[in-house]
Each structure stands twice: as structure tokens, then as C-alpha cells.
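**Student:** Taking the hints into account, I'd like the entire structure generated from these sequences.
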Amino acid sequence: MPAEAMAPPAAETKTIPITVEFSGGLELLFKNQRTYKLSVPDVDPSTNAATTVGYLVKHLAADVMVDARKELFVVEGSVRPGILVLINDADWELEGEEEYVLQPGDAVLFVSTLHGG
Amino acid sequence: MPAEAMAPPAAETKTIPITVEFSGGLELLFKNQRTYKLSVPDVDPSTNAATTVGYLVKHLAADVMVDARKELFVVEGSVRPGILVLINDADWELEGEEEYVLQPGDAVLFVSTLHGG
Amino acid sequence: PPPSTLDLTREEYLRYSRQLLLPQIGLPGQTALKRSRVLIVGIGGLGSPAALYLAGAGIGTLGLIDHDVVETSNLHRQVLHRTSTIGLPKVLSAAKALRDLNPHVQITTYAEAFTPGNAEDVIAQWDVVLDCTDHPKLRYLISDACVLLGKPLVSASALKLEGQLIVLNDPPGKGPCYRCIWPRPPPPESIISCGEGGVLGPVVGAMGVMQALETIKLITRPKGKELTQPRMLFFSAAAETMWRTLKMRGRREGCVACGQQGIKNLGSEEEYALFCGVPNAFAL
Amino acid sequence: PPPSTLDLTREEYLRYSRQLLLPQIGLPGQTALKRSRVLIVGIGGLGSPAALYLAGAGIGTLGLIDHDVVETSNLHRQVLHRTSTIGLPKVLSAAKALRDLNPHVQITTYAEAFTPGNAEDVIAQWDVVLDCTDHPKLRYLISDACVLLGKPLVSASALKLEGQLIVLNDPPGKGPCYRCIWPRPPPPESIISCGEGGVLGPVVGAMGVMQALETIKLITRPKGKELTQPRMLFFSAAAETMWRTLKMRGRREGCVACGQQGIKNLGSEEEYALFCGVPNAFAL
Ligand SMILES: [Zn+2]
Ligand SMILES: [Zn+2]
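First to last, the sequence lines map onto chains X, G, V and P.
With the working numbering, the residue at position 57 of the first sequence is 57, and numbering never jumps.
With the working numbering, the residue at position 106 of the second sequence is 106, and numbering never jumps.
With the working numbering, the residue at position 51 of the third sequence is 51, and numbering never jumps.
With the working numbering, the residue at position 260 of the fourth sequence is 260, and numbering never jumps.
Be aware that a few hints might be false.
Unchecked claim - Pairwise CB distance ranges, derived in the manner of DEER restraints:
no.	chain 1	residue 1	chain 2	residue 2	range
1	P	ASN118	G	LEU28	46 to 52 Å
2	X	ALA49	P	GLN229	27 to 33 Å
3	G	PRO17	V	GLY87	53 to 59 Å
4	X	TYR36	V	GLY26	21 to 27 Å
5	G	LEU28	V	PRO172	15 to 21 Å
6	V	ASP7	P	THR228	49 to 55 Å
7	G	VAL75	X	ALA49	32 to 38 Å
Hint data in this document are derived by calculation from the structure and do not stem from the laboratory.
Virtual Cβ for every residue (Gly too), placed ideally from N, Cα, C.
**Tutor:** Listed below in C-alpha cells is the structure:
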């Protein structure tokens, strides 16, 4: 086996293209923009493991959200009660919730529950 | 080059899995079944070219349709007026109509135009 | 003229307050609705909910054209009419209900069939047209008249458990017309009416409500926000995914109605009837 | 008992003829509708079209509960009411309209708020419940009462340009309840009502029509045809794809309402109010 194969892999940063969508009023917290095309690193730098939806939530709250009232999106590190998270149109509870590993092309939808009638 | 490579390729029949859906009353011509999971050959035996939606239409009329009134689905070899053909939810006129080459996983929807109100 | 607070009375402010709150409507949208003239062709299963929600939203003038009278078998789906208005012309039954829902809306009624004879005179009076009819020959005629007179057309249909909706000739002179999408009529033996095939009330109801929505969006959208990709909304109550959005083709260059050689005048009653293979013309 | 032609009068045959034609309805479906008792909680933007289409379809007995009176600002979207019924209790305004639409439907009205005090007595009288209300504390209360009494619940909501619909506790004891989907209430500062946020009429109208449709499907479906995968219908008038079908989770084992340790009785008004962080209880 040639020597260079033994060396640690070059620190290539690969990214995963995903779509994030906000609705039910959540878009107001995100510059009133419904849809974002984002690239996230394929490895979460804080865990050195594959990037999950949990990472995405923290990233959105810290870096994308403009409204200062972070508690309208995240409470105690998790999405606040009353927000549904859909991964490719399926409730994230069917997909492993925050542990779900993001795949290229995934569409993540955050829906605030509506109560009006 | 070894001799066996010169021989004609073995007659491997590859097939393409697709979904066909009928609506607007067309399902009545197809055993009242809305959705079919079908496999079509990847090469159209009549043309020796890649299998197109045009082939699919003829195949459906000849082999899948049970109603004897073929003219309610096909007229002069083409889908009859008043039926829209959608390939992956896009009008087939955007995709090359009958010339469109089927891809694995394609969903082909035949919709009879509704007039009621 | 630009919108002014003078355009709405105090009662109208109160009445429309819940939609005036929406940034997509607001005062400019509400005044645009008030200034608009919308024609509904056919006051049946589609026209009933479309008229209710357009009157509720404060369209300035609503036109209703239909030559039918209210019948018992209409009432499971034509929820604008009432058992007490059976036998009345549908446009009168409807006007009564709509004036009581919202007296600020002017209602113009045509208790007559929509025909090649009156199509141009009628359509010319309106800004937007809703096709809520039930036969292809009327659908081709309404579309041709809208192309000829440059009016956008919100077209829907329903049968059994299914429905279809598409906004045509929008913007006028640019979007596809009915003939671009369906250049040739279906063979007459394939045409099934609600009377023959049946229809579920909320199915045709949902399509009519969506027509009202598309009309409000069309009237209140900012200039330059016209959709370029035509879409058809397709509904099937029995399918797992009930609603689908289908991407449709744009204008057809060679379209006999809206294409380069386009339509110069409407055909005769006989021509529309023959084109659709139905002998007894507009008396249906 | 099996359906019999004796179950429908001649007038009813005529009235429902267009839906009797549908193989999915037919005589068994129509008699199932006639024998069913459906309760609508809230006769506003959702309840108006839901009630119209359910009455039209021939539900045997419709229950209406609402403590509000008709106001001018309701009429852009609550198309069952009329300018001439402003000031009347909504249930009376609605009953008047529905009896005239279809005199074959028995209408039961409750001109009162839906509270933990009357919830069980009211819900017990009905086969299917529609949640057409506008506050989370009522949504939790209605769901809990439906779990307790084994009734399927067709729940919808709308605000601004968006709407949501889900069929809960269906079949009773098997499908998820409101608490399975939303185990914890939203913080009170995130709760926006239609009065505060506004709503477009056809948006809430479309959701109400879809509630009527889901109710008819539920009542007329053959035994054993219950959907196993819960789905939420999600509507957004401003999106390119306006309607989406979302796959939802099933029943939550540890659900405090429908789980193994499930609910034994409803909480007090104060408990529901506190749970949702709203001090002034059911007087809203
Ligand atoms: Zn054209
Ligand atoms: Zn539960």
C-alpha cells in the first residue's frame, strides 16, 4: 500500500445542500423569507459526527434568525413547543427527530401550529 | 480484444420500474384501478431504441386496458383529445410528448379533462 | 388613482378588518378589490362558493350569468341557494343571498344563457371572468371571448370526487388559453356531466373556493408579480395525496385562439356545438 | 340495521341524486350520513362552510355549539351568516340558514361556550366532532373529551394565508390525539388569533370545506378502510405548491390523554387555561 494512503485524509470540507422552509408565521423570525437554500457541513464540527437536524436547528437560531426573541424558535436547545418539524414532508418523529442525519437535497419544513378559525 | 467481446451482446432484458396513474374517469377503463406499478423494457422491441412514453401509451391500450372502447383512450395511435399526460407532475408537452424516454421511477399520470361544475 | 382612506367607509373598514390586517391585502389590496368587476359564469356548484367568498371579500361589482332555475337536486352542493328559492332563476336566488351577506357589493344579474350572441357584450363589462360552467362548448366559448377581449380567466371544473383549476390568459396576451391546453375537444361520448356522473358537494365546493382565492390573488398582487409557469391545481378526494400542483405548458404559438394568427371573432352557436360534437347547442 | 329504500323519502332521493350516483356513496353511504350525528364546535370561518356542506350532504343531525354573536367583522369569511343576522347568536343565525338549505337535517343548537363543565355531556351525544374553534386551550379540551368518550375528531385551523387539517382519534382508541401531535402547548406569546393576525376568507373557507369532506369520507367509508398513516393537510396560499400532505406520527405511547396511563377525566377550566398560559379562561 503506498505511503500516502496511510496519511490522514485531507481536511476537505464537504457540504450538503438542503432546503429549509418556514411557515405559520415563523418566516417573520427569518427576515420574512419562506424558503432558504442552505449548505451545511457534512460533519458537525462540535461533535465530529455526521451533521444532524439538531445541528441545523442550532445553526438556524444562531446564524440565520434575525429576531432577537430566540425563545420563539428554540427553547432549552430544542425547537419550541407548537412547532412541527417535517423532513421531506414527514414528521421528524418518524425520522429520529434531532438525531436524523441530513442528506443532500433534504427539505426541512418548520411549521408553527395555527389556532385560528 | 478477446473474442467473446466481439459476439453480439447477450439479450439481457432490463426493465424500468414506473408508476402509472389514471384519473378523471380513465381509471374505469383500466379495471377501476387508479395506480399501476409497471415494469417496461428499457428498449422498445419495435424500434430498438430507448423506451418512450409513446411506447407506454400503446402498451397500456393493448395490454392493460380492459374496456373494448379503445377510442376512449387512444385515437389514431395517440392519446385521445381531452386527456392530459403528466410526467412527474409536468405536462408532457414540456418533456417532449411521446418522444420522452422513460426513466426509472417516473410517474406518468393520465387525466381526463373534467367539465362538470 | 392611488388608494385613499376615502375609498372605504367606516363600516367597510370594520367589515374587512381581518383581511386589511394582512400585508398581502392591506388598504391597496382592499381598494383594488372594491374597484374590480368580476363576472361569474354559472351559479352552480362552483359558482356558489366562489360568489360567497368574493362577495365576502368586498369585490366592488359581481356579475352573475346563468339561465337555470334552482332545483332540489342542486342543493346538496350549490350552497348559495335555498329550499325556499327552488324555482327561482339562480341569478336572483344568488343575488338575494349575496346582497344580504355584503350590501356593499353591487350585483349585476344576467338571467340568460351565455352564448356567442351575447358573449362579447357581456365579457367586455368585466375585469376578471370565472368559468363555473359545466360543458366543454361553453368552456371554449368563454375562453375565446376572454382572449378576444383581453380578460384573465379563472377556470375550474369538478366531477365525482375530482376537480381541476387553472388560471388562463393571465396576464392577458401572455398566459395560455383554454385551447392552448386543450387544442381539440374531447369526443362527445367521453363527456360526462354532474347530472350523469354525480359529484360530491365539498369536492366542487373546494374548487369554487379556490377560484375565489385565485381571483383575489390576481386582483391584489403587485404589478410584475404574475406567475410565469402556468400551473393546474388537481384534486382527487380518493387519493392519498388529495391535492397536486401540475406544471402546465405556456401559450401555444399556433393556437387558433390566442396564437399569432389568433381569433378575430367568435364562431356561431352551431360552430361551437359542432366543434364539441353536441347537436343541441346552448339550450342545455 | 342494513340500509333500506325506506330510509329515504322520495324528495330525499331527488335532493341527493347527484351524490347517490357515486359508487363511494350510493344508498349505503346516504343512509349512513342520514343516521349520523355530527357536532361542530365553533360556527365561524371554519364552521360556516363545514356546516353548509354537511347539511347539504344530508347529515341526519347537526349540532352547533358557539357562544358568540354575529359581528360585522365576521362576514368576510363566515359566509353562513348574514348582515341581517348581525347581533344574533351564531348558532341561531346558522340554524336558520341550514334549515332553509336542507329541511331534512335536524339541527341542535347550544348557544353557550364549550367548557370542561359541559364538554362530556355535549360530546357524548354525537358520533363525530369537528374542531372549528380558535384557541389552543379549546383544542386540547375538545381532543381530551373526544379521547375520553371515543369520538373521532376532524380538526382544522387557519390564520393569515395558511391552514392545517388533521383527523384525530380515528379510529377511536387507535389514531393519535391532539396531544400526541402537540404534547406541549405553545408559549402564550406565540399564539396569534384571527382577530390579531387576520385571515383571508377563502383560506379558512377551503379548510372548512375540507373538514366537511373528511367527515363525509369518515362516515361513509367501508369498515376496515381506516387510514393507518395519519396525515396532515397543510395549505399555504402564498406558496407555489399551495397544498401539501404531511406524514404524521401515530399514537404516542406515553400520551397523557390517549396513552396507556390515559386520561380519566377532564381538567378544570383553570387547568386548561393555565396549561395554555392564558389567565382569562373560557371567556375569550
Ligand atoms: Zn391559446
Ligand atoms: Zn394522544
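**Student:** Work down the list of hints and note, for each, if the structure agrees.
**Tutor:** Verification of the supplied hints:
1. P:ASN118 x G:LEU28: 46 to 52 Å: holds (48 Å)
2. X:ALA49 x P:GLN229: 27 to 33 Å: With a Cβ separation near 30 Å, ALA49 (chain X) and GLN229 (chain P) satisfy 27 to 33 Å, so the hint holds.
3. G:PRO17 x V:GLY87: 53 to 59 Å: Holds: the Cβ-Cβ distance is about 57 Å, inside 53 to 59 Å.
4. X:TYR36 x V:GLY26: 21 to 27 Å: holds (26 Å)
5. G:LEU28 x V:PRO172: 15 to 21 Å: violated (38 Å)
6. V:ASP7 x P:THR228: 49 to 55 Å: At roughly 53 Å between Cβ atoms, THR228 (chain P) and ASP7 (chain V) fall inside 49 to 55 Å, so the hint holds.
7. G:VAL75 x X:ALA49: 32 to 38 Å: violated (59 Å)
Violated hints, in rising order: 5 and 7; the structure is consistent with all others.
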